[in-house]
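S.K.: Those protein sequence lines, which keep their order, are chains A and B. Mapping to this note's numbering: the first sequence position 65 is 65, numbers consecutive. Quick note, this note's numbering runs 1000 ahead of the 1-based positions in the second sequence.
A portion of the hints provided could be inaccurate.
To be verified - These stretches of chain A come out as covered by chain B in the derived footprint (C-beta under 8 Å, 3 or more residues):
1) 65–78
2) 97–103
3) 107–121
4) 169–175
5) 194–204
Claimed, not checked - Non-contacting residues of chain A with respect to chain B, defined by C-beta distances greater than 12 Å in every case (computed):
6) 14
7) 16
8) 46
9) 156
To be clear, the hints were calculated from the coordinates, so they are not data collected in a lab. Computed from a predicted structure; not experimentally measured. From the three backbone atoms N, C-alpha and C, an ideal C-beta is built for every residue, glycine too.
Here is how the chains run, residue by residue.
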Amino acid sequence: MSTYGFYFDGTRCTACKTCVYACKDKNDLGLGFAYRKVFEYTGGSTNRDGGGAISTDCFAYSVSLSCNHCDDAVCIEVCPTAAMHRDPETELVCVDAKVCIGCGYCALSCPYRAPKVDREKGHSVKCDGCHHLVKNDEAPVCVLACPTRALGFGTIPDMQAKGEQANIAPLPTKEYTKPNMFIKPSKDALPAALPAGTNNAFIANPLEVL
Amino acid sequence: MEHAYAELPLAAFSTLASIGAGVFVALALAIPGGLFSSSPEKLKKIDRLTAIPVLLVGVGFIAAMFHLATPLNALNALNGVGRSPLTNEVVVGLAFMVVALAYWVAALTGRLGLGVRKALVSVLAVLAVFFAGFIGLAYAIPTIPTWNTPFAPASMLGYCLLGGSLFGLLILQAADVLKDVASGSFKVLFVALGLLGAAAAVIGTLGLFMVAGGIEAAGHQVAAALPWLVGSIAGLVLSLALAVISVVRVPRLGVVALGCLVVLCSVFVGRLVFYALYITVGV
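Next comes chain B alone, as it looks inside the complex:
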């Protein structure tokens, strides 16, 4: 796990940013159920609580800065648009962050009409999926066989959807609108979102393990990562269960909050496993 500890800032970034972004996918699913047609008080609560995903992504970006040797030059990372997978990730991430901040500030100041609200949250949901995918694609480096696979973006998408669904639930429940929006179709869509997220995250993690396991020279790295990998998958499954229970049965804030904590920890551990399984074709 030595390499994982060297990449702690990136593990924090990819965890917080993907989960934070995914919250907007969950919120977008609640729009048809009347998310933004709630009472003005509830709407205000939703807007205040939208600080959670904005902060998650923001803190993620700040964490990523600690990875850089010269953070003051960070904007130079935009020089490689279209060429460098890392630049592509940063561009999509910044686009997401700008729209998310604009939406949040405008919503807080009460300047958003219903139509614009719906449109912006839907755009943010789409951007979130792209952002998570591009975080995974940033590791598509041909000399690193364990990272250069579809499993890397798959797990990032999974973390985004599963983590986002739990933190989305947290906002809905804390704003006391979950029971209003939780119609039959919302429940089905939400459970499907959580299932899809968990499946992508678990398949991505197992795929990484499979590829790494096929590299004989990496035996000790794979063995060291195995307990962490098992823990991450167990946590992902548990958080999915907590999300489903909260949507299908009577939701409790404590259960949802526990789910958020579990998903944060299991995604973070999953990311540590990813960095621990950095295996190059070279020396």
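For reference, chain A alone in the conformation it holds in the complex:
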């Protein structure tokens, strides 16, 4: 069980990606690495009926996503070296770079694509919830940077009071890993585990996030 979690307000996010770049800046991440990503999810269609009236159900919303420091963290379960572990103080999921062998099982298993092997560094890298900031009662840098206050961070009961456990598309259903990310969904948000092709929904920025 984790002590802390993230909050995401889908009614405020404008997909400006300040969170992404604040994180990249703080962690000095180069091309190909981002610990936080903003998924732009869109779809729908515009149709003309027999009488000539045009209607649309087009939609677009964004989800800012990093490691969710899940209660059932599959990355910790499968890690052969125990490099993927919970920080003893904050219980945020972190990588022990000295132990990690960079086998990539965490990256394969995480349904949120949070960890990634950095072959140059020789180990897995991911969001550690800025646990050193959290230990000093500060918020993670992505939360501090968000200009619309769409991101939040705090204890699980506080985050639970603001939103529901992440269960919207394009994310997987919450049962798999019990993510500690709580969402106030935008009006357009579709449920997780949507059958493929529902409402022509797709991730519009795959090159950026996948």
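Given the coordinates of chain A, assemble chain B onto it according to the supplied hints.
M.R.: Positioned in the frame of chain A, the structure of chain B alone reads:
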């Protein structure tokens, strides 16, 4: 097939290690026929040729190292015993490798009595089956529906038994003992081993395809993997035919060697298909 190319070292490892390990299952089947009661010259040849399975598994492990970002830390992979399916695979694999090396070195130096030889090859045969099964179980990850099925260990067991039977035949034929050990019961057992291996490999491959095919979002991945999958199955069936012909009819080294090449290629392609069909429940 993009994901398959990213996992080439693992495809090489799972191919070479499972086939190499399976050789000991084939050798164990030849024990009752008098495998180790051959002339000293033939016994020496068998021991020298045992380098083949030892090398196959060894090269497999080396290939797996290329998959790691920090191979020097590889022993840390033992930290997750009992918890991580990958650690379990590594532990069983290392146990197999240690026993196989010990057996091979002791056999080469002529320090093995008949009883110990039989016992060690039988133990290695059992360890080989576990090793292959654990390679498949390493992919039992709940967030990857295409891998988290019994088809993954089934295909690995199949590759182990079918590939092992062909390379086992290669050793027996090259050491000129196949005609000595190929009694009626050996033939029946050997053909049964090959059939069982081919059936498990084909069922495992088709099962993977069936599970992946049921995931709508993976349509393009499945379509791209299909020709490779068909090629792999065709190769498995052809290699089984070559194994059966070599055991039932007059064996020829060239035919057996061709069978080994075909089985190596078809298992490798099968493994590429497996990695290509990495499909997650997530984004």
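S.K.: Which hints from the list above does the structure break, by number from lowest to highest?
M.R.: Failing hints: none at all.
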